[in-house]
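Colleague: Following the hints, position chain B against chain A.
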Amino acid sequence: MDAQHLKDTTVEVTEENGPLTIRGLTVFYDQKPAVFSIDATFRKGRMTAIVGPNGAGKSTLLKAALGIVKPLSGSTSVFGAPLEHMRRRIAYVPQRASVDWDFPARVSDVVGMGLYSELGLLGRFTGAHGKRVTSCLARVGMEDFADRQIGQLSGGQQQRVFLARALAQDADLYLLDEPFAGVDAATERAIIDVLKALRDEGKTVVAVHHDLTTVPDYFDDVLILNVQKVSEGSVEDAFTQDALNKAYGGRLAMAEIDPVPITA
Amino acid sequence: MTGAEFVPFSLVPMLVGVLAAIACALPGNFLVLRRQALIGDAISHVVLPGIVVAFVVTGTIATWPMLIGSAVAALVAVALIEGISRFGRIEPGAAMGVTFTAMFAGGVLLLEQSDTSGVHLDVEHALFGNLESLIWLDATGWASLIDPAALSGLPEELIRISVVALVMALLLLLFWRPLALSTFDENFASTVGLPVRAIALGLVIAAAIAAVTAFDAVGSIIVIAMFICPPAAARLMTNRLGMQVVWSVAFATVSAVVGFVLAGYGPLWFGLENAVSAAGMIGTVSGVILVLAATFGPTRK
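So the sequence lines, in the order shown, correspond to chains A and B.
The opening position of the first sequence corresponds to residue 1 in this note's numbering, with each subsequent residue numbered one higher.
The opening position of the second sequence corresponds to residue 1 in this note's numbering, with each subsequent residue numbered one higher.
Among the hints, a few may not be true.
[Claimed, not checked] For lysine to aspartate or glutamate, the following DMTMM-like pairs were computed, each having C-alpha atoms within a straight-line distance of at most 25 Å:
1) Lys-70/A - Glu-186/B
2) Lys-44/A - Asp-211/A
3) Lys-70/A - Glu-156/B
4) Lys-246/A - Asp-200/A
5) Lys-32/A - Glu-91/B
6) Lys-32/A - Glu-82/B
7) Lys-196/A - Asp-220/A
8) Lys-246/A - Asp-211/A
9) Lys-246/A - Glu-232/A
10) Lys-44/A - Glu-118/A
11) Lys-70/A - Asp-100/A
12) Lys-70/A - Glu-82/B
[Unchecked claim] Here are some of the chain B residues that sit facing chain A, going by a computed Cβ distance under 10 Å:
13) Phe-6
14) Arg-89
15) Gly-93
16) Ala-180
17) Leu-181
18) Thr-183
19) Gly-193
20) Thr-238
21) Arg-240
22) Gln-244
23) Thr-299
I should point out that these hints are in silico values taken from the structure, not numbers from a laboratory.
Predicted model, so just to flag it, every value in this text is computed and none were measured.
Here a beta-carbon is modelled for each residue, glycine too, at the ideal position from N, C-alpha and C.
So here's chain A without its partners, still in its complex pose (with noise of 0.2 Å):
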């Protein structure tokens, strides 16, 4: 598969050249499984929301998908390549909590790391990249917070600057891990808005969620999994409430969230 072809519309997305596809992905944490088995793909141009219970293995399954955990078996296929010939197309936004906010940068300095793949070793940091960085800073809202330290950001503008980190990486796969964990309205509402508008310039967009609510107005598909998956598809197909129960054994009531949209 020739990576140039994948930018042609003409070309069929195809279950093998499509932004994402796991095989048969099994990672295990002391000799329990995290992640079983899972068989998933992830379509173009779609907004996916990676749902399950706590401990379902929503983050294991997509840091296994990018490397940063080793799984003890599957495949990734990324654009229809094996992940190493695609990085450069794939943003990643890690959990806010995982990192140490008092680390010495600027919010710039941070936004400035997705730019590491163009840069690499000694590449020269020029005022074309401060100005996408600036730009990016922009499309959440915080560019008047370019020269803050990063500790002195509220949870929602760091989980900005990680977005717009992401935005710098000027990719055409997003994967997010839970970027509405502890963020204000605000925030959630400017994120989805990125994210959307992501989605309506052709990207793809995959986040592990944990907002049942929120699932039929923010997404377009869904994968729901409890270590093995329990549901794939559209969210009007796969989002229902049979899945979550199977997901969530039965503690959620009907009432507390509105599972397939009634539309005509």
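Modeller: Just chain B, lined up with the frame of chain A:
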């Protein structure tokens, strides 16, 4: 003080102290940010069994066998720490603690069992090094700095630590971006294809090389202090990583110079007769700088 006195007796130890401090402080910045600052402590302790084994094997206390023994011991320790924390699922701090106490204890036993009575292998030497003994006998004054014959008589400790300090600085410049990126956000760094494990291991190996070389010249007190104090104080002066490294180099230099001068002349000012250990005083000054930075630093919490 005249050049004829300063150059042969004080210039070289002062330079060795400054370069050793810088060589340790440079990787120390990243170790402190990764909460691995104790690795300097660990390496300094595991050097003892390395030295004893090298002596048992070669029967001499010549510099190179000692250096190689120390380096091998440091690498064994790094592998053990990594192995214990990975396979035993023990937090790295505890793994370091277990490794360096066990290896140090093993070194003490080995020292007891081996016939080292006839040679100068003792704990005091290991702690304080021999900074004051690094005199430049061929020097007669400032003019000796441009005299090739005199320069060839420079103590080899100075040459070694100069090379190591330079290598540390070059490695830091070359790998600045991967180091900064993987120290701040290891998960993200691995998604852009950086070999984060190798970077972490490379940093510890670089720190081990700095520690072993500095240890040979200045003893473990300076090594332990310089891995932690200048970077920690520097963090309190700035919110930018690059500036933090610059501050840490400045603090390391000031600690070494002020510590050396205070140790040599301070006691005389107070009417005491004998100078005190330069290594001890340099470590103390770096601690005082840290206290001052923690009290007055602009970016303290």
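Colleague: Between Lys-196/A and Asp-220/A, is the straight-line Cα distance small enough, at 25 Å or below?
Modeller: holds, 10 Å
Colleague: Lys-246/A and Glu-232/A: Cα distance at most 25 Å?
Modeller: holds, 13 Å
Colleague: How about Thr-299/B: closest beta carbon in chain A under 10 Å, or not?
Modeller: holds, 7 Å
Colleague: Could you check if Thr-238/B really has its C-beta closer than 10 Å to a C-beta on chain A?
Modeller: Interface hint status for Thr-238/B: holds (7 Å vs cutoff 10 Å).
Colleague: Under the criterion that the straight-line Cα-Cα distance not exceed 25 Å, is the pair Lys-246/A, Asp-211/A satisfied?
Modeller: holds, 17 Å
Colleague: Below or equal to 25 Å on CA atoms is what counts here, so check Lys-32/A against Glu-91/B.
Modeller: Within the cut-off at roughly 20 Å; holds.
Colleague: Identify whether the interface hint at Thr-183/B stands, where standing means a beta carbon of chain A within less than 10 Å of its own.
Modeller: holds, 7 Å
Colleague: Would the pair Lys-70/A and Glu-186/B pass a check requiring their Cα atoms to be no farther apart than 25 Å?
Modeller: holds, 14 Å
Colleague: CA of Lys-44/A to CA of Asp-211/A, is that 25 Å or under?
Modeller: holds, 23 Å
Colleague: Does the CB of Phe-6/B sit less than 10 Å away from some CB of chain A?
Modeller: Hint violated; Phe-6/B Cβ to chain A Cβ min 38 Å, cut 10 Å.
Colleague: Do the alpha carbons of Lys-246/A and Asp-200/A lie within 25 Å of each other, as the hint requires?
Modeller: Measuring from Cα to Cα gives roughly 32 Å; hence the hint is violated.
Colleague: If you take the shortest Cβ to Cβ gap from Gly-193/B to chain A, is it below 10 Å?
Modeller: Constraint on Gly-193/B satisfied, holds at 5 Å.
Checked against the numbered hints listed earlier, the structure breaks hints 3, 4, 13 and 15; every other hint is satisfied.
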